[in-house]
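Student: Sequence:
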Amino acid sequence: MASDRHGDSHRIRVVFDANALMMPGQFTVDIFREAEGLVGDFEPIAFTSVQNELEGIARGKGKNASAARVGLALLRRCTVIESGYENLPVDDQLIAYARDHDSIVFTNDRALKDRLRKEDVDVMILRKKNTTELIRG
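Here the sequence shown is numbered in the numbering used here, starting from 1 and rising by one per residue.
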């Protein structure tokens, strides 16, 4: 993998979408430990567009808002960057970045997962609310 401006070329990049960052608030799962268990040492990445998405959800009420606030707190453990594809919808940004930077996307969004697999991008998902799995693209 070639090095670029977004981090260490020796570490796998795992890009977290809003859905993944909300999982710990919904299912009490440690997404970072789970990701490390699947791929070893990795660089956690989140986009500013994902941060904005979480901020919007967190302003609401209920379980999703609470989970989004947990997700915002977890952003401190990620490298938060501009995706380089800000003109695209967030899911398209995730696909383009992961494809162009040989990264894995962590999501449980079914539609996004299906699109990533069609693009041959590796996807990390949560199964049965407590088991993560890496699906090779």
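Each hint should be verified, as a subset may be incorrect.
Using 25 Å as the maximum straight-line C-alpha spacing, the simulated DSS-like pairs for lysine-lysine come out as follows [as the list claims (entries may be wrong)]:
1) K118 <-> K61
2) K128 <-> K118
3) K129 <-> K113
4) K128 <-> K63
5) K63 <-> K118
6) K61 <-> K129
7) K128 <-> K113
The set of hints was computed from the structure by calculation and includes no laboratory data.
Student: For each hint, tell me whether it holds in the structure or not.
Tutor: Going through the hints against the structure:
1. K118 <-> K61: Violated: K118 and K61 sit about 35 Å apart, past 25 Å.
2. K128 <-> K118: holds, 23 Å
3. K129 <-> K113: Holds: K129 and K113 sit about 16 Å apart, inside 25 Å.
4. K128 <-> K63: holds, 19 Å
5. K63 <-> K118: violated, 31 Å
6. K61 <-> K129: holds, 22 Å
7. K128 <-> K113: At roughly 16 Å apart (the allowed maximum being 25 Å), K113 and K128 satisfy the hint.
Checked against the numbered hints given earlier, the structure breaks hints 1, 5 and satisfies all the rest.
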